[in-house]
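Spelled out from the first residue to the last, the chains are:
2 protein chains.
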Amino acid sequence: MQQRSEETRRTILDTAEELFIQQGYTATGVAEICEAAGVSKGAFYHHFESKQAVFLVIMEDRLSYINQAMQQVLDDQREVPDALMYLASLGKMIFLAGEKHLSILMEFWEQARHDPESWKAAGAPYERYQQFLALIIRKGVEEGSLREVNPEDVSRLIIAVATGLMLQGVMDKEGEAWGQTVEKYMEILIEGLRRRPQ
Amino acid sequence: MQQRSEETRRTILDTAEELFIQQGYTATGVAEICEAAGVSKGAFYHHFESKQAVFLVIMEDRLSYINQAMQQVLDDQREVPDALMYLASLGKMIFLAGEKHLSILMEFWEQARHDPESWKAAGAPYERYQQFLALIIRKGVEEGSLREVNPEDVSRLIIAVATGLMLQGVMDKEGEAWGQTVEKYMEILIEGLRRRPQ
Chain A
1 MQQRSEETRR TILDTAEELF IQQGYTATGV AEICEAAGVS KGAFYHHFES KQAVFLVIME
61 DRLSYINQAM QQVLDDQREV PDALMYLASL GKMIFLAGEK HLSILMEFWE QARHDPESWK
121 AAGAPYERYQ QFLALIIRKG VEEGSLREVN PEDVSRLIIA VATGLMLQGV MDKEGEAWGQ
181 TVEKYMEILI EGLRRRPQ
Chain B
199 MQQRSEETRR TILDTAEELF IQQGYTATGV AEICEAAGVS KGAFYHHFES KQAVFLVIME
259 DRLSYINQAM QQVLDDQREV PDALMYLASL GKMIFLAGEK HLSILMEFWE QARHDPESWK
319 AAGAPYERYQ QFLALIIRKG VEEGSLREVN PEDVSRLIIA VATGLMLQGV MDKEGEAWGQ
379 TVEKYMEILI EGLRRRPQ
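If you read the sequences in order, they're chains A and B. Just so we're aligned, residue 1 is where the first sequence starts under this note's numbering, counting upward by one. Just so we're aligned, residue 199 is where the second sequence starts under this note's numbering, counting upward by one.
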């Protein structure tokens, strides 16, 4: 029973993701997800409060390896500039793999903007990355590999770069291959954070 | 006659801007702009091809002093890191003055995303800033105030930061006062671009 329930949940998530990618977040309704997934509305609402809740779980799933990578980077022995470059290379992977997801994310943001509750929920992973990055930067300052910067500020700066590149990637499909350049830009930024020889 | 035509154009622009701010870009139609401005549709279409064209002119107007500031910064004798900090302080002003415009810009982007023609038009000022910044960075590398970076890449990095902060500013209204922090983040970035002592 437990297992079947988990299967239903998984089916809803996979079907919704497929529909979001095919036709967009706004254009996809709960009724349509239920029909395509072959589940009742009752089953849907047993597992999820709303379409937005489904979307947030999909994003969490897709981003979960970033959480793991960040934890790993905090724990291991790499110097922080190298750790940051490693995270940037993961960022590049997200861009290359997730172009379609980015587009949905953008749509979701536009909707969430008018709804404080869902914006708050959408902002949670964001906030977590910000705090993670601040821990990593702090470690870098303490170990002496980074110059004396405010970890909170630098963390928000990095998030701003990532957000900006994401937006450009979504918008400017015919422009530069943004995914390819994430690493390059992060390298400039990180190089500028390295401790200078006294 | 020439003067009256210019007045009509100005009235349309001011009225449209007011309506966009009050009720959003999407919710405002050409008919409504005409009615509120007290002009005929004929007069409207004599001056503007579409609602999008009106919006683009409003944005150009609002941003025109950035163009002037950039040209000035290229011409004057300031060292480039100081020039960039000056531009960042202008950026801060935009955030503080233009919160409502940013919100409309976001709506416009979301629409333009589905329409290659208007996205291209919307991207034009963007492209111009990018080229301007690249010229400034190049000057900094040549005068020896900045380290040896690729001007194009750094220029795109700065634009990504600005875009990311803008998006965060639009989205996270209850969060940090983003306008206040633009300068702080740019300072970290610019400090990292300074030439290091050999």
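Derived from the structure by calculation, the hints contain no laboratory data. Heads up, some of the hints might be wrong.
To spell it out: a stretch of chain B is covered by chain A in this simulated footprint if at least three of its residues, at any positions, have a beta carbon under 8 Å from a beta carbon of chain A; those stretches are [stated by the list, open to error]:
#: 1; stretch: 265 to 275
#: 2; stretch: 302 to 309
#: 3; stretch: 382 to 395
Don't be surprised by glycine CBs; every beta carbon is placed ideally from N, CA and C.
A quick look at each hint next to the structure:
| no. | hint | in the structure |
| --- | --- | --- |
| 1 | 265 to 275 | violated (count 0) |
| 2 | 302 to 309 | holds (count 4) |
| 3 | 382 to 395 | holds (count 9) |
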